[in-house]
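Full structure from sequences and hints, please.
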Amino acid sequence: MGRFSDGGGDDAGEPGIDMSSMLDCVFILLIFFIVTTTFVDERGLEVERPTPSAGGDSPKPTVALVVDKAGNVFHEGRKVAVSAVGAIVQRALAREEVPVVISAEREAPAGVVVQVMGEARAAGAAKVNLASKNS
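In terms of the numbering used here, the sequence shown opens at residue 1 and continues consecutively.
Below are the DMTMM-like pairs computed for lysine to aspartate or glutamate, each with C-alpha atoms no more than 25 Å apart in a straight line:
| id | residue 1 | residue 2 |
| --- | --- | --- |
| 1 | K79 | E105 |
| 2 | K127 | E105 |
| 3 | K79 | E96 |
| 4 | K69 | E107 |
| 5 | K127 | E97 |
| 6 | K79 | E97 |
| 7 | K79 | D68 |
| 8 | K69 | E105 |
| 9 | K60 | E96 |
| 10 | K60 | E76 |
| 11 | K60 | E97 |
| 12 | K127 | E96 |
| 13 | K127 | E107 |
| 14 | K127 | D68 |
| 15 | K60 | E105 |
| 16 | K79 | E107 |
| 17 | K127 | E76 |
Now the in silico label distances, taken between C-beta atoms and shown as ranges:
| id | residue 1 | residue 2 | range |
| --- | --- | --- | --- |
| 18 | I34 | K127 | 52 to 62 Å |
| 19 | S132 | A81 | 18 to 28 Å |
| 20 | K60 | R121 | 17 to 27 Å |
I should point out that these hints are in silico values taken from the structure, not numbers from a laboratory. Ideal placement from N, C-alpha and C gives every residue a C-beta, glycine not left out.
See the structure below:
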C-alpha cells in the first residue's frame, strides 16, 4: 500500500486552507475601524426648561377684552364702548402693570380690533396681546 491509495472515502489527507489567520485579520480590522470611527455630533435646538416654582401657578391678572363678530366690545361680561376701553385700561394700570388681552372672534371687524388696540396703547398699556376665538 502506498501513500496515494484509491481506497476508502477518507478526506483526512486532502489539503485545505487554514482560515484562522484570515479571521484574525478581519477581527483586527474590525476593531481598528470601531476604535478610529468619529461619531457624528447631532445638531439640535437648545431648550430652556422652566424651573418649577415653589407655589402653584396662580393666574396673572390681565385686562381681558372681547370683540364679537358684530363689533361689540365686552369687558368682564359687560358691553362697553370702544371709547371706554382707555379708561378701563388706565384703572387697571393704576393698581399694577398688567397686559391687555384682546380676544376677537374670527369674523370680528378688523377696524374695531385696531381701535381697541389703539385705545389700550394710548392708555399706557405696554403689552397688548391678540387672541382669536373660533366661535
